[in-house]
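Knowing the structure of chain A, use the given hints to seat chains B, C and D on it.
The primary structure of each chain is shown beneath.
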Amino acid sequence: MREFLLYAAGFVLAMVALGLVRILRGPDDADRMMAAQLLGSGGIAVLLLSAGGGLPAADVALVLALLAAFASVAFVKSGDVARANKSESEEGK
Amino acid sequence: MSIATIFGICAACLVGLGLYGLIAQPQPLRKILAFNILGGGIFLLFGAVARRGAAAGMGGDPVPQALVITGIVVAFSATALGVAILLRLFEETGGTSLRDTPKESQSEETNS
Amino acid sequence: MNVELVFSLGLALLILAVAGFVIVARGSFAAIVGFVAFGLMLSLAWMGLSAPDVALTESALGGGVTGALLLGACARLRRASDVEETLGLVGRGAALVLCLGVTTGLVGVVLCLPDPAPTLAPVAKQSLASTGLGNAVTATLMVYRALDTMLEKVVLLLALVAVWSLAPDRFWGGRPVFGSRQEKGGPLSFLARVLIPIGILVGIYLFWVGADAPGGAFAGGAIIAAMGILGFFAGVSAVPAVSAFRLRVALAAGVAVFLGVGLAGLAAGTGFLTYPENFAKPVIVLIEVAMTLSIGVTLALLVVGPPGESFGP
Amino acid sequence: MSVALNVFTIAAVSFGAFFFLAGTVGLLRFPDTLTRLHALTKADNLGLGLIMLGLLPHVAWPFGALKLIAVWVLVLVASASASQLIARKVRDT
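In order, the protein sequences belong to chains A, B, C and D. Residue numbers are given in our numbering: position 5 of the first sequence equals residue 5, and the series is strictly consecutive. Plus 1000 on top of the position in the second sequence (first one is 1) and you've got our numbering. Plus 2000 on top of the position in the third sequence (first one is 1) and you've got our numbering. Plus 3000 on top of the position in the fourth sequence (first one is 1) and you've got our numbering.
For reference, chain A alone in the conformation it holds in the complex (with noise of 0.2 angstroms):
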């Protein structure tokens, strides 16, 4: 069974290195962002699989999940943020 799991993991690790490709390709950041979503999911997935499921490996999946948003956020948010100081900024010219 600790064989068959390990095999899923090399599997699931490699599905999610393609998806990679993503981040290297683009043609958008929001296609990159999407690729770093997908290793957030993919990255738990291979963790509790080559740990066969054991507890350090879920504590540590269980901060993989509440952080598997965390990029998209602040790639989200640091838009508007940038675009809130610029305008600021051309405001005060």
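Everything labelled a hint here was simulated from the structure, so no lab data went into it. Since the structure is predicted, the reported quantities are computational estimates derived from the model, not experimental observations. Mixed in with the good hints, there may be bad ones.
Okay, the calculated bits of chain B under chain C, using three or more residues with CB under 8 angstroms as the criterion [as the list claims (entries may be wrong)]:
#, stretch
1, 1011–1018
2, 1029–1039
3, 1072–1086
Every residue, glycine too, gets a C-beta built ideally from N, C-alpha and C.
Frame of chain A; chains B, C and D shown alone:
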């Protein structure tokens, strides 16, 4: 070949990659990224050493692991400081170049 | 070669590929997304090296919080219009040779490590018994190398002071500009309302189990910091002014309690940073409570950056 | 009994891995950002869910199992919100 050796060699390559980026990348933001890769490599090297020191029923030597945990947090605070300095540089000069350029004196004039 | 080794080898190669991409990628944004991926891969590697404590800290800080910090910087720098002169061919060649040399040397070191590997694990195990802790890494952080951990807290505070000091004079004491005035009911405010309470719970849980199982103040604090940043992003919590008294108390709590316990040990005649014989565990937990709070607040404010708007209503 | 559970695990994990394959293929092959986002959510929700389901018989009852379920629910919330945010950003720009 053991897991520790595999990640040890991986760590050595990461250190090389990070160092190269730190030297060869002109943009400061990319230098900060490279610095983090370099740091990750060094931490992973500690991890390989810790894994080899597995004894007394533990998966690894806890002392290097504890060092790495504090190290990760310190590396993060250094990154945050670097980013803050970079943003301030950008606010002052309108650019992120690390070289002394005539642009700097111009922006001083407009500020004053 | 068994399956586990092949899996580790694949993971190591993937880490190197992602790191290489981060170094050579054309756009800064792509490089940063690559770095987020790199942080996640690295925490998988730490699990492979059976270091779950490190994996927890790395997964919280390495990809997530550092990624948010860098993405924010990238968005603000987007208008930077520098034509950067790259290193010449000779310079790059020299850098390449240097880095190959360093890598070869380190690989040599890794391959030539002494064979019965030196280890401090038995010593750490011994010190476990006297403290009542079950997690050797936490025991190392809090007992065996307690001075390092305390000074590391001081470094965090100094870094934050340095970041704040980058603010122009007229903004001193004001609020950092971060996040946005949030429209009600969007997906972000939903996410924040669901995730933040659970996240804070998980942070406290990680710190609490850290005494006996993987976890601890650093992982817990990093999670709490992440949740705070999410709150700022979503506009559900306001960024505090850097001169706020309660903020200063939260920042200083970790170092203050640590130092207080250390000096108490000195006063009791047992030495700096020694713990009383029978109360070691409660005292350590007390320090860790203060540390978790301080680490969480400090990390979040490091991401938020220096004050950028003057203090006032 | 344990044979039946193992068969269940193998089936569920294999299906889960298949959805990661589907997600990656979609992320790489679909023509524009929004369709790629559509492919991605399958991997997040179904793939990870099935893998969790497969791992459930192998973890400590009840806390290990509850943690796995919590991880899945958190990923659902995170990836659904992140996809929404990314999609809005794509639409607005």
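Status of each hint after checking the structure:
1. With 8 residues bearing a CB less than 8 angstroms from a CB of chain C, the stretch 1011–1018 of chain B meets the requirement of three and the coverage assertion stands.
2. Restraint check on the stretch 1029–1039 of chain B versus chain C: 7 residues with Cβ-Cβ distances below 8 angstroms, three needed, restraint holds.
3. Chain C is given as covering the stretch 1072–1086 of chain B, and this holds because 13 residues of the stretch bring a CB closer than 8 angstroms to a CB of that chain, at least three being needed.
Figure legend: structure checked against the earlier numbered hints; every hint is met.
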